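Student: If you want the building blocks of each chain, they are given just below.
4 protein chains.
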Amino acid sequence: MNETSPTTQAGDLVQLVSPSNKVYLLRLKPGEKLETHRGVLAHDDLIGVPWGAQVFTHKGSLYFLLQPTLNDILREIKRNTQIMYPKDIGFVLMSLNIAPGQVVVEAGTGSGALTTALAWAVGPTGQVISYEAREPMHNLARKNLERLGFLERVTLKLRDISLGFDETGVDALFLDVPNPYDYMAQARRALKLGGFFGCILPTTNQVERLLPVLHQHYFAFVEVCEILLLYYKPVYDRLRPTDRMVAHTGYLIFARPVAPHERSAQAEPATLGGEPEGEPDVDDSEA
Amino acid sequence: MNETSPTTQAGDLVQLVSPSNKVYLLRLKPGEKLETHRGVLAHDDLIGVPWGAQVFTHKGSLYFLLQPTLNDILREIKRNTQIMYPKDIGFVLMSLNIAPGQVVVEAGTGSGALTTALAWAVGPTGQVISYEAREPMHNLARKNLERLGFLERVTLKLRDISLGFDETGVDALFLDVPNPYDYMAQARRALKLGGFFGCILPTTNQVERLLPVLHQHYFAFVEVCEILLLYYKPVYDRLRPTDRMVAHTGYLIFARPVAPHERSAQAEPATLGGEPEGEPDVDDSEA
Amino acid sequence: MNETSPTTQAGDLVQLVSPSNKVYLLRLKPGEKLETHRGVLAHDDLIGVPWGAQVFTHKGSLYFLLQPTLNDILREIKRNTQIMYPKDIGFVLMSLNIAPGQVVVEAGTGSGALTTALAWAVGPTGQVISYEAREPMHNLARKNLERLGFLERVTLKLRDISLGFDETGVDALFLDVPNPYDYMAQARRALKLGGFFGCILPTTNQVERLLPVLHQHYFAFVEVCEILLLYYKPVYDRLRPTDRMVAHTGYLIFARPVAPHERSAQAEPATLGGEPEGEPDVDDSEA
Amino acid sequence: MNETSPTTQAGDLVQLVSPSNKVYLLRLKPGEKLETHRGVLAHDDLIGVPWGAQVFTHKGSLYFLLQPTLNDILREIKRNTQIMYPKDIGFVLMSLNIAPGQVVVEAGTGSGALTTALAWAVGPTGQVISYEAREPMHNLARKNLERLGFLERVTLKLRDISLGFDETGVDALFLDVPNPYDYMAQARRALKLGGFFGCILPTTNQVERLLPVLHQHYFAFVEVCEILLLYYKPVYDRLRPTDRMVAHTGYLIFARPVAPHERSAQAEPATLGGEPEGEPDVDDSEA
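Protein chains in written order, with the numbering used here: chain H, 59 to 345; chain F, 59 to 345; chain Z, 59 to 345; chain W, 59 to 345.
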């Protein structure tokens with residue numbers, strides 16, 4: 059994964075894309091064959107080839123040989139269960155401040171889509187610990203992450219998080235569960251002060267229920283937002299948005315655990331962070 | 059940067075946030091002092107403190123001592139020039155498939171905001187090369203990146219990109235210039251086949267002008283999109299979106315250089331990638 | 059109002075607009091004068107003039123003499139209180155199926171903005187009955203409607219609607235009050251079966267509270283929606299959306315009272331109307 | 059149409075809706091029968107029935123008998139051709155300032171959807187003149203309007219509008235044609251000064267091409283906008299937007315013909331109207 063060699067190598071995860079956008083995702087293994095609906099390709103013919111090159115089946119059908127993107131990989135995982143969308147994942151990674159080398163905790167694992175994105179972003183020197191209470195999902199995620207070559211930077215735990223997280227002092231923690239309000243004490247214990255908490259919730263009722271619990275557990279800088287992604291038809295002389303779009307995946311909520319207020323009882327932790335739209339009144343003296 | 063220690067250390071970049079959301083960004087240096095409008099803080103009192111802790115000025119005013127986020131840093135850089143918004147940057151990082159360890163080229167540097175985000179995402183093992191033709195901007199970006207401690211993973215070049223890029227085989231290239239259509243030959247030479255090209259353009263006219271040029275230079279999998287970020291007021295019993303929002307920053311365009319079509323003249327590179335909204339018909343045999 | 063004569067007449071409501079978009083709204087009265095910040099205009103010089111003509115102050119400053127639009131009028135009323143936006147009003151008129159000649163009930167009157175729009179749409183042969191419990195607002199609305207010449211088609215009632223509406227069999231009823239869930243029995247008694255109910259609510263909490271009450275009172279075909287209006291800068295060679303936009307005014311809720319289900323206990327009145335996004339499976343035999 | 063009697067009468071246009079949202083639109087005629095896929099209903103059993111009542115087929119299947127809304131009617135017309143959406147029509151009626159009794163011109167007629175909405179809004183005392191160059195569409199629209207009982211307030215003309223409109227001094231004119239920029243001289247001659255022009259265009263290229271032509275023909279107060287309509291699932295304890303939505307139908311452009319500037323050459327008619335988002339600086343002296 060994250061290959062940067064100019065040509066493909068045995069063991070690489072590659073993507074074959076036809077001009078009509080038929081996509082195959084596979085890991086190159088000497089001696090194996092890929093059977094497409096437009097003919098057969100030998101893996102050996104796909105090894106040592108420049109990324110982006112054209113390759114042809116035994117019937118002469120064209121495919122582009124491409125490095126698969128994180129998006130491509132997530133789309134495929136998507137086939138198994140409802141997963142987070144790229145539009146949301148990109149903003150979550152930013153908002154949780156994920157960087158190479160960090161330690162991040164997540165629950166539930168689900169099919170491992172966000173786990174994959176987190177593993178991608180923390181890189182080989184980082185670590186993702188992902189909890190899941192349902193054994194079939196836990197096993198599915200393990201299979202998905204193994205195939206992507208990410209198991210070294212991911213620890214999958216089969217555990218109900220009401221029992222708490224093993225970790226403390228983690229940089230960021232994301233809950234993709236329907237009832238995050240039941241786990242905020244656990245989340246707070248796992249996170250370092252000033253760390254980053256995030257979750258995604260599909261309904262307004264869930265958001266309303268979470269907000270006071272964040273407050274109770276001294277999470278501040280609370281933000282609730284939603285990302286909309288509008289695609290355009292890429293036609294230069296008839297430029298226009300697509301006819302339809304995804305209207306809703308979920309509300310994203312972010313917050314940071316802070317030390318309990320001792321002296322400033324009047325402050326309102328739940329709304330610290332103030333108006334997200336406005337420009338914060340930033341001052342930097344020297345630095 | 060990217061500090062993961064539980065307590066602050068000399069040299070750390072930290073953020074002080076008041077309950078009313080007044081923000082200070084500073085690098086901790088023994089012996090120095092920060093003068094806020096609500097009293098003075100000695101850096102020495104801020105070193106060795108747990109992240110997220112409360113600290114107090116000599117007048118007793120409360121601040122939270124926090125690890126600054128990439129967002130915080132970008133917001134501050136923003137004061138200097140028009141820069142890309144976090145909503146766009148998160149999606150750009152995803153769409154350019156940026157991962158730790160990669161080599162990424164960018165132009166123009168501007169004040170270094172996207173440079174910072176790219177440097178953040180490629181991590182200490184990656185490399186960002188950023189071109190800028192205007193010397194004052196080049197110098198400003200250098201100052202910003204130096205202060206953030208990112209100069210080791212960033213190379214700033216003072217150069218007009220019409221002269222071409224020095225690099226070849228790069229993983230990703232982003233153009234934040236008003237006329238990307240003038241540099242697509244140069245961009246193609248710098249990128250490896252199957253690499254990732256992106257740019258941001260504020261007007262529809264620019265998008266219309268770019269699309270055929272992408273086509274001419276065999277960029278395929280073209281996507282044109284826009285990200286909208288809607289914030290909610292985080293009040294549990296009066297949940298509602300904010301009154302106003304950012305309606306437009308720019309159109310994001312992504313594409314990938316592919317090998318010229320030799321045999322399938324009928325294929326349309328510019329629209330390869332097809333309907334972005336639909337689910338690609340993904341097939342994986344083994345993998 | 060609704061003047062269709064090609065030239066202005068005494069008594070007409072007119073709008074003067076400067077090239078820099080300074081707007082004056084006034085009713086033409088022989089002998090009167092308008093003092094603008096760029097000079098004086100005699101009403102007599104504005105009577106008998108073609109709509110759309112240029113007129114000039116005694117200092118030679120240009121104004122366009124225009125028929126004021128409903129939007130213009132609503133904008134002005136807006137100065138007094140928070141009122142509904144044109145983006146919402148247009149859709150409300152459509153969704154309540156308002157047509158010339160209808161009888162429509164509204165509460166609360168507020169400053170009379172929606173009252174004005176309803177009076178506009180039902181025309182001189184229709185009737186709007188508007189309830190308001192607060193005497194100052196009631197009086198303000200009367201003044202606004204009198205000035206617009208709409209009092210003949212509007213009946214303003216100073217009354218708390220918890221006491222019920224005097225009317226029955228009305229075509230449409232709109233509640234612009236914070237607690238519509240307290241008045242659904244009253245609303246049902248006023249509306250004819252199959253009539254149209256609508257309201258606007260700023261928070262998700264209010265919408266959640268209203269929905270089951272609609273159900274209890276046999277309102278079906280429930281729709282909850284929100285209108286976003288995105289403006290573009292009208293510059294032909296730099297076309298782009300405006301930088302900022304209104305993100306939220308309120309959620310619009312529509313429903314229709316139907317006869318209580320006697321035989322089909324399994325049906326769910328609250329969701330009758332089904333998927334608003336999909337195309338209804340419409341069949342017409344003959345017609 | 060626009061029936062306000064409490065019970066149905068022979069000749070009324072009615073809608074039958076099943077609990078599963080199967081919809082039939084029909085005009086009641088004594089002696090006729092409606093065959094649904096769940097049984098037969100005699101028109102005679104549907105005449106003299108209260109609006110909103112339950113009716114049953116010979117097999118005992120339930121339908122609600124409802125007054126059809128303008129939306130319902132437009133949806134049905136939609137089956138024939140691409141027509142304007144209710145979200146756009148409501149805003150167009152507002153922006154063109156349509157009121158009972160007005161004279162409005164439209165081209166092209168298409169299947170008569172916007173014609174229907176305009177006829178609805180101008181009422182029996184108004185007049186809609188609609189031009190169409192394609193005879194089959196002209197005939198289809200006539201059939202649709204006849205069935206709705208709207209032919210008395212609509213004049214359908216089979217004519218290429220490049221030849222000009224017969225009318226002058228009209229209140230409002232709407233062009234639903236792909237090339238409105240070719241007809242702005244004709245539109246200007248038909249409209250009274252200060253009247254209302256509108257059109258809908260699907261692509262940015264068309265908008266860019268129209269804007270300078272509006273300028274050339276002294277149309278001012280130009281607005282370009284787009285309406286987004288977001289539906290929520292009306293479920294009180296799981297409130298959330300629908301998964302998908304209509305992302306684009308067309309850009310709406312509005313403008314008003316004004317007298318040519320004689321003395322103020324520096325003014326820019328095309329942008330008169332200024333910032334649509336801001337509040338106009340409205341002043342009213344007396345009025």
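It is worth saying that the hints were derived from the structure and are not from the lab. Predicted model, so just to flag it, every value in this text is computed and none were measured. Worth double-checking, as some hints may not be accurate.
[What the hints assert, rightly or not] In silico EDC-like cross-links for lysine to aspartate or glutamate, where the CA-CA straight-line distance does not exceed 16 Å:
1) Lys201/Z to Asp218/Z
2) Lys291/H to Glu281/H
3) Lys80/H to Glu90/H
4) Lys117/W to Glu93/W
5) Lys291/F to Asp301/H
6) Lys291/W to Glu281/Z
7) Lys87/Z to Asp103/Z
8) Lys291/Z to Glu93/W
9) Lys215/F to Glu204/F
10) Lys291/H to Glu204/F
11) Lys117/Z to Asp130/Z
12) Lys117/Z to Asp103/Z
Student: Taking the numbered hints from earlier one at a time, note which ones the structure violates and give those numbers from smallest to largest.
Tutor: 1, 2, 3, 5, 8, 10, 11
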